[in-house]
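Asker: Sequence:
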Amino acid sequence: MDLTTFLAIYGAVLSTIAILWNLFKDVTVYRLNRPYLKVEANYGLLIGSTTTQPTVKIIMVNIGKEPLTVVESGFRLDTKSDENLATVADPSLPKELAQNQRHTTSANFDEVITQKILYAWARDATGRIYRSKKWPLRT
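Position in the sequence shown counted from 1, then plus 11, gives you the numbering used here.
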């Protein structure tokens with residue numbers, strides 16, 4: 012193998028590594044900079060001056076670096092009927108969430124069949140749906 016062939020192979024390998032590195036870096040930066048919403052569901056108590064009411068809460072946290080606007084949230088129910096999507100009424104939505112900012116929506120415990128909640132969900136202004144883990148209220 013002469014010097015010209017060696018330099019050609021070396022240049023091809025080096026440029027391939029550089030292209031792959033730039034591609035990896037661009038994909039990583041894109042994933043870190045895009046908005047991403049973490050959704051969880053928990054039991055809670057709404058404590059007022061005279062009464063205490065049990066609730067089911069949907070907690071939404073923007074763990075991405077870009078702000079996003081949450082427009083609605085609710086539960087996906089594990090039922091065989093077509094009525095398997097429950098949207099929780101929240102007058103404070105739509106709400107813009109900056110990085111690491113959170114918003115909590117509460118639903119009346121008695122109105123939600125907690126054993127049948129498949130997952131909690133939230134939708135942003137672009138239409139993207141973010142989900143919690145399955146069966147978020149099982150212990």
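None of these hints come from the bench; they were simulated from the model.
Being a predicted model, the structure only gives us computed values, none of them experimental.
Possibly wrong hints are sitting among the right ones.
Stated by the list, open to error - Pairwise CB distance ranges, derived in the manner of DEER restraints:
1. Ala100 x Ile30: 30 to 38 Å
2. Pro105 x Ile20: 55 to 63 Å
3. Leu31 x Ile58: 18 to 26 Å
4. Lys76 x Lys127: 32 to 40 Å
Beta carbons: idealized from backbone N, C-alpha and C, even for Gly.
Asker: Are the hints correct? Go through all of them and say.
Answerer: Going through the hints against the structure:
Here the CB-CB span from Ala100 to Ile30 is close to 51 Å, at odds with the stated 30 to 38 Å. Restraint check, Pro105 to Ile20: a C-beta distance of roughly 57 Å satisfies the suggested window 55 to 63 Å. For the hinted restraint 18 to 26 Å between Leu31 and Ile58, the CB-CB distance of approximately 56 Å leaves it violated. Separated by about 36 Å at the C-beta atoms, Lys76 and Lys127 satisfy the suggested range of 32 to 40 Å.
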